[in-house]
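**Q** As a plain string of letters, each chain reads:
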Amino acid sequence: MRKPVALKDHQRERRTFRFRSVLAFAVVVLMMFGLVSRLIYLQVVEHERYRSLSDQNRIQLQPVPPNRGLIYDTNGVLLADNRPSHNLSLVKERVPDLEATIAELSTLVQISERDIEGFQRRLNQRRRPFEAVPLRFRLSDEDIARVAVNFHRLPGVQIDAELIRYYPYGQSLVHALGYVGRINQRELGEVDQQNYSGTHHIGKLGVERFYEDQLHGRVGVQQVETNARGQVLQVVERDDPTPGRDLTLYLDLELQQTAEQLLGDRRGAVVALDPETGGILALVSTPGYDPNPFVTGISGRDYRGLQQHEDLPLFNRALRGRYPPASTIKPIIGLAAIDSGTVGLGHKVWDPGWYQITKEGRFYRDWKRQGHGMVNLRDAIAESCDVFFYDIGHRMGIDPMSDYLGRFGFGKITTLDLPEAHGALLPSRDWKKAVRGRSWYPGDSLNLSIGQGFMISTPMQLATATMVIANRGKWINPRMLKAMSGEDEQGNPFVLDVPDRKLMPDIELNRDSYWDYLRRSMVEVMHGKKGTARRSAKDSPYRIAGKTGTAQVVRIKQDEEYDAEKLAERHRDHGLFVGFAPANKPEIVVAVIVENGGGGSSAAAPVARELFDNYLLRESQLQSQEQLADNGGAS
Amino acid sequence: MGGQDFQRTMPGAQVHFSRRRTWWSYTHLDPILTLLLLILAGYGLFVFYSASGQSEAAVQRQLIRYAVAFGAMLVIACTSPRLLRRWAPWIFGLGVLMLVGVLLFGVGAKGAQRWLQLPGLPRFQPSEIMKLVVPMTLAWYFADRPLPPRLKHTFTVLAILMLPTLLIAKQPDLGTSLLIAASGIFVLLLSGVLWRYVFSAIVLAGACVPLLWMLMRDYQKQRVLTFLNPESDPLGAGWNIIQSKTAIGSGGIHGKGWLNGSQSQLDFLPESHTDFIIAVMAEELGLVGVLLLLAIYLCIIARGLWIASQAQDTFGRLLAGSLTLTFFVYVFVNIGMVSGILPVVGVPLPLVSYGGTSILTLMAGFGMIMSIHSHRTMVTR
Numbered sequence: 001m002r003k004p005v006a007l008k009d010h011q012r013e014r015r016t017f018r019f020r021s022v023l024a025f026a027v028v029v030l031m032m033f034g035l036v037s038r039l040i041y042l043q044v045v046e047h048e049r050y051r052s053l054s055d056q057n058r059i060q061l062q063p064v065p066p067n068r069g070l071i072y073d074t075n076g077v078l079l080a081d082n083r084p085s086h087n088l089s090l091v092k093e094r095v096p097d098l099e100a101t102i103a104e105l106s107t108l109v110q111i112s113e114r115d116i117e118g119f120q121r122r123l124n125q126r127r128r129p130f131e132a133v134p135l136r137f138r139l140s141d142e143d144i145a146r147v148a149v150n151f152h153r154l155p156g157v158q159i160d161a162e163l164i165r166y167y168p169y170g171q172s173l174v175h176a177l178g179y180v181g182r183i184n185q186r187e188l189g190e191v192d193q194q195n196y197s198g199t200h201h202i203g204k205l206g207v208e209r210f211y212e213d214q215l216h217g218r219v220g221v222q223q224v225e226t227n228a229r230g231q232v233l234q235v236v237e238r239d240d241p242t243p244g245r246d247l248t249l250y251l252d253l254e255l256q257q258t259a260e261q262l263l264g265d266r267r268g269a270v271v272a273l274d275p276e277t278g279g280i281l282a283l284v285s286t287p288g289y290d291p292n293p294f295v296t297g298i299s300g301r302d303y304r305g306l307q308q309h310e311d312l313p314l315f316n317r318a319l320r321g322r323y324p325p326a327s328t329i330k331p332i333i334g335l336a337a338i339d340s341g342t343v344g345l346g347h348k349v350w351d352p353g354w355y356q357i358t359k360e361g362r363f364y365r366d367w368k369r370q371g372h373g374m375v376n377l378r379d380a381i382a383e384s385c386d387v388f389f390y391d392i393g394h395r396m397g398i399d400p401m402s403d404y405l406g407r408f409g410f411g412k413i414t415t416l417d418l419p420e421a422h423g424a425l426l427p428s429r430d431w432k433k434a435v436r437g438r439s440w441y442p443g444d445s446l447n448l449s450i451g452q453g454f455m456i457s458t459p460m461q462l463a464t465a466t467m468v469i470a471n472r473g474k475w476i477n478p479r480m481l482k483a484m485s486g487e488d489e490q491g492n493p494f495v496l497d498v499p500d501r502k503l504m505p506d507i508e509l510n511r512d513s514y515w516d517y518l519r520r521s522m523v524e525v526m527h528g529k530k531g532t533a534r535r536s537a538k539d540s541p542y543r544i545a546g547k548t549g550t551a552q553v554v555r556i557k558q559d560e561e562y563d564a565e566k567l568a569e570r571h572r573d574h575g576l577f578v579g580f581a582p583a584n585k586p587e588i589v590v591a592v593i594v595e596n597g598g599g600g601s602s603a604a605a606p607v608a609r610e611l612f613d614n615y616l617l618r619e620s621q622l623q624s625q626e627q628l629a630d631n632g633g634a635s
Numbered sequence: 001m002g003g004q005d006f007q008r009t010m011p012g013a014q015v016h017f018s019r020r021r022t023w024w025s026y027t028h029l030d031p032i033l034t035l036l037l038l039i040l041a042g043y044g045l046f047v048f049y050s051a052s053g054q055s056e057a058a059v060q061r062q063l064i065r066y067a068v069a070f071g072a073m074l075v076i077a078c079t080s081p082r083l084l085r086r087w088a089p090w091i092f093g094l095g096v097l098m099l100v101g102v103l104l105f106g107v108g109a110k111g112a113q114r115w116l117q118l119p120g121l122p123r124f125q126p127s128e129i130m131k132l133v134v135p136m137t138l139a140w141y142f143a144d145r146p147l148p149p150r151l152k153h154t155f156t157v158l159a160i161l162m163l164p165t166l167l168i169a170k171q172p173d174l175g176t177s178l179l180i181a182a183s184g185i186f187v188l189l190l191s192g193v194l195w196r197y198v199f200s201a202i203v204l205a206g207a208c209v210p211l212l213w214m215l216m217r218d219y220q221k222q223r224v225l226t227f228l229n230p231e232s233d234p235l236g237a238g239w240n241i242i243q244s245k246t247a248i249g250s251g252g253i254h255g256k257g258w259l260n261g262s263q264s265q266l267d268f269l270p271e272s273h274t275d276f277i278i279a280v281m282a283e284e285l286g287l288v289g290v291l292l293l294l295a296i297y298l299c300i301i302a303r304g305l306w307i308a309s310q311a312q313d314t315f316g317r318l319l320a321g322s323l324t325l326t327f328f329v330y331v332f333v334n335i336g337m338v339s340g341i342l343p344v345v346g347v348p349l350p351l352v353s354y355g356g357t358s359i360l361t362l363m364a365g366f367g368m369i370m371s372i373h374s375h376r377t378m379v380t381r
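Protein chains in written order, with UniProt numbering: chain D, 1 to 635; chain A, 1 to 381.
The hints are simulated quantities; they were obtained by calculation from the structure and are not laboratory data.
Dumping the calculated BS3-like pairs for lysine-lysine here, alpha-carbon to alpha-carbon at most 27 Å: (1) D:412 / D:482; (2) D:8 / A:152; (3) D:530 / D:368; (4) D:92 / A:221; (5) D:412 / D:474; (6) D:585 / D:482.
Far from chain D, by Cβ distances over 12 Å, these chain A residues were calculated: (7) 25; (8) 39; (9) 42; (10) 74; (11) 75; (12) 82; (13) 90; (14) 100; (15) 107; (16) 121; (17) 172; (18) 204; (19) 213; (20) 259; (21) 346; (22) 377.
Partial chain A-side listing against chain D, Cβ under 7 Å, derived: (23) 147; (24) 246; (25) 262; (26) 290; (27) 309; (28) 321; (29) 325; (30) 332; (31) 339; (32) 341.
Given the structure is predicted, the values throughout are model-derived calculations rather than measurements. Every residue gets a Cβ at the ideal spot worked out from N, C-alpha and C, and that includes glycine.
Starting from the given sequences, assemble the full structure and let the hints guide the process.
**A** Here it is in C-alpha cells:
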C-alpha cells in the first residue's frame with residue numbers, strides 16, 4: 001500500500017538550509033546594495049537636476065494681467081469701467097472626474113448648457129497645462145460661498161477674481177465704443193502670446209478694438225509658491241504689470257444721449273463732429289444693444305435674437321449704413337458745377353416741375369409737382385429744386401461730379417480710428433464699366449445730381465463732407481481719440497500715437513468766395529423764406545447752415561412677402577439732414593438720418609436743431625458762467 | 001563539519017535552558033527582534049507625522065494600529081508552532097474558500113474586489129491572511145517529507161501555491177499575489193530544491209512572460225508601460241513616479257529637513273503617507289535617513305534568518321526563513337517602485353506605511369518567527 005517513507009536526513013537538511021539562508025542573505029545584501037546605488041544615483045549624481053525640478057514644481061511663474069485702460073468722454077465721464085467679477089474655473093489636470101465634478105457643481109450653482117458648451121470649447125483651445133479654464137462667470141456672493149464650503153471635496157475647482165469691462169451706459173455707446181469679449185482661437189493666434197498670457201478679453205469692435213494695444217498694457221509676472229492643487233501659498237517675487245492707458249474721447253455723453261433720445265425707437269443714425277478738431281462728438285445708431293453680456297459671452301439664443309431682429313440692432317448704421325445721400329449732396333454738386341466752370345454763378349433754370357434730356361425722353365420729375373419756377377443755385381439749394389440739379393448734372397456729366405464728391409470723402413474711409421467705418425460707394429464712369437459692364441448714361445448723371453441712383457454713403461461720410469464745407473475745404477479727419485494717459489519712455493506726457501497723418505488733401509477752389517456762397521445757400525435752407533428746413537431753425541439764437549434730404553427707398557420686389565403694415569412703413573422715404581452751426585463760426589457739424597422717417601425736413605432736421613441747441617446753448621451757458629466767475633474774481 | 005553536527009543542534013537549546021527563566025521569557029518574545037521592530041516603528045512614526053501632513057490624528061490612529069499589531073504578535077508568539085503547523089492546511093482551505101468568495105461577492109473600489117464582508121464580522125482582506133497561511137501550509141507540507149523535495153513534491157507545492165496566487169491576481173491585486181508567490185518560492189528554495197529545477201523554472205518563466213502580458217488587465221499593462229516610460233504620460237500615470245523621483249533626488253545626501261520637504265508638504269507627492277512614504281523620508285532626511293532605515297531592515301532580516309537557521313524542525317526553519325525573506329521583498333519592491341526601477345505595484349513599505357492590515361499581518365508573521373524561536377525544546381524531532 002504505502003511506499004516506505006524515505007527517512008528524513010535532518011543533518012543534511014539543516015546543512016542545506018544553512019547554506020541556502022546564507023546565500024539568501026548574501027542576495028539580500030546584494031539587492032540592498034542595488035537599492036542603495038539607485039538612491040545614490042538619484043540623490044547624489046542627479047541631485048541638482050531633481051532639485052531644480054522640485055523648485056519648478058514648487059515655484060510657478062504666473063502672468064499678472066494688466067488692468068485695461070479706462071475710457072472717458074470729453075468731459076471726463078467714465079464710459080468704460082473695470083469691475084471685479086468672480087469666475088468658477090476648473091484645472092482639468094487636477095479634476096479626477098470632469099463630468100462628475102461639473103454635475104456636482106451644478107447642484108451648488110446654476111450651470112447652464114451653454115456654460116458647459118463654452119467650457120468644453122475653451123478646454124479644447126490651446127492652453128498651458130494646469131491653466132484654469134472658466135466654467136461660469138459672474139458668480140454671486142452666495143454662489144461663491146456655496147462653492148467655497150465644498151472646496152475640500154472638489155479638487156481642481158477654484159474661484160478666480162478678475163476685473164472685467166463694464167459699460168455703465170450700455171446700449172447708448174455700443175456703436176461708438178465697441179466692446180471687449182473673450183479672446184477666441186483666431187485672435188489668440190494674432191496677439192503677442194506672452195503679453196496676453198493672463199488676459200482673457202480683447203477689444204472686438206470700435207474704439208476698444210482700435211486702441212487694443214494701448215488699452216491692454218504690458219503683462220506682469222509673479223513667482224508664486226503653489227501646492228500640487230495649484231493653490232498659491234505665497235508670492236516669492238513680483239514684477240508688476242503696466243496698466244493700459246486711459247483714453248479720453250471727443251465723445252460728449254450728453255450730446256450722445258440726447259441724440260439717442262431724439263431718435264427714440266426710430267431706426268436711424270446721428271454723427272456729430274467738432275469741425276475744429278475733427279473730434280467725433282456723437283456717434284449714434286439706433287436701435288443699439290447692451291454690450292455687457294458680450295463681455296463674458298452672450299448666449300447663442302440671445303445672440304440669434306439680436307442677429308435676427310428686424311431692426312438689426314447689431315448693425316452700425318452710423319458707420320456702415322448704406323443710404324442714398326439724396327439732396328444732402330446738392331451743395332457739393334452745385335459747387336462742382338461752378339468751380340469746374342460748367343456754369344456761372346448767375347446760371348438760372350426754369351423749373352416747370354420736370355426735366356427732359358431730349359424732347360422725346362423720359363420725364364425726370366421734381367419733388368414739387370408744379371415746379372419751382374425760375375431758380376438760381378442758391379434758390380435751388382434752399383428749396384432743394386431737383387430740376388436745377390438735373391440741368392447742371394446733365395451739363396457737367398459724371399466726371400466732375402464724381403471727382404468733387406470724391407474730394408469730399410465719398411467712397412472713401414476718412415475716419416482715423418474707427419475700424420468699422422465703411423467706404424460705401426461713389427459711382428464713376430470706370431466703376432460702372434468695371435462692375436456693371438455698361439457705359440455711363442446721361443440718365444445716371446441726372447440721378448447722381450440729386451444723390452440717388454448708384455451712389456451710396458454712410459452718415460459718417462455725410463457728416464465728414466459737411467465738416468469740410470464748414471471748414472472751407474480744409475480737411476480734418478474725424479476721430480474718436482482726444483487724449484491718452486501715461487508717459488512715454490522719457491517721462492514726457494504721452495503723445496497720441498493715433499495715425500494723425502492727413503488722409504485727404506485740402507480742397508482748393510478757383511475762387512475762395514464760392515465757400516461763402518455755398519454757406520449762404522445752406523443758411524438759406526434754414527433761415528430763408530422758402531428754405532426746406534426753415535421750421536427747424538425757427539427762433540434759433542444762432543445761424544445754422546444745413547441741407548435736408550429725402551431718400552427714396554429701393555422698391556421691394558413683388559414676389560417678396562411682407563406684412564402689409566410693415567410694407568407701408570418700410571416703404572417710406574429716409575429722412576436726412578446735414579448741417580453745422582453757428583454758420584459763420586462752426587462749432588458743431590451734424591448728420592442725421594431717420595430710416596423711413598419720411599421727409600428730411602420733417603424727420604431729420606428737428607433732431608439736428610435739438611442737438612445744436614443742446615451743444616451750443618449748453619456751451620454758451622458754460623462760457624457765460626465762466627465769464628461771471630472771472631468778473632467776480634476781478635472785482 | 002560532521003563532528004559538529006550534534007553540537008549544532010544544541011546551542012540554541014543550551015542557551016535557552018541555561019538561562020534563568022525571567023518574566024521576559026514568558027512573553028515568548030525575542031528581545032533583539034522586538035527591539036529592532038520598536039526602533040523601526042518609532043522611526044516610521046517620525047516620518048509618518050511629516051508624511052501625513054502633520055496630522056496628529058493620523059499619528060494616533062497609526063499608533064493604535066501598532067499597539068494592536070504588537071498585541072497580535074505577542075499572542076502568536078505565545079502560540080506553539082506545533083499548533084500553527086497542525087492548523088495550517090485547514091486555515092489554507094478556509095482561506096482559499098474566502099478568496100473564491102471575494103471573487104464571487106467581494107466588495108472593493110477602483111475596479112478591484114479585495115474585501116470580504118461576512119455577516120457579524122468586520123470587513124477584511126482574505127488575501128492578507130494568505131500571506132501568512134501560504135508559507136505555513138507549504139512548510140507543513142515539507143515538514144514530514146524528505147528533503148530536498150522530489151520533482152513530484154515540488155510540483156505539488158507549486159500547485160498549492162498557484163491556487164491562492166492566481167485567485168488574488170484575479171481580484172486584481174498584483175502586489176499581494178506577488179508577495180504570496182514570493183513567500184512560496186522562498187519555502188521551495190530554502191527546502192533545498194535542486195538547482196537544476198530552479199534554473200529550468202527560470203527559463204520556463206522567461207518563456208511565459210509574453211503569455212503573462214496577454215493575461216494582464218489594461219491598468220496593469222498601463223502600469224508596466226508607464227514604468228518603462230513615465231514621461232509619456234507625465235500628468236496621468238507617470239505623475240507618481242516622476243514626482244517621487246523628484247522628491248528623492250531633490251533630498252540629496254542630507255535632505256531638506258524634517259517637515260521641510262516641498263514635494264511632500266505641498267502635496268506634489270501622491271500617496272505620500274502610504275506606498276510612497278519612502279520618498280518623503282528620502283526628501284526630508286536625505287540619503288543618510290534612508291540608509292539608516294535600510295540598516296534597520298537589514299538587521300531585522302539578519303535576525304530573522306538567524307532564528308530560522310536555529311529552528312529545530314523543518315516546519316519552523318522553512319516558515320521563519322520564508323517570512324523573513326518575504327519581508328525583504330516588501331522592502332525591495334516598495335523602494336524599487338518608488339525610486340523608479342520597478343513597476344508600481346501596490347506594496348507598502350513594511351511597518352512604516354499607513355495601513356492597518358499590512359502592519360497586522362507583518363507583526364503576526366514576526367510573532368510566528370518568535371514563537372518558533374521561543375518554543376524550542378531539547379528534543380529534536
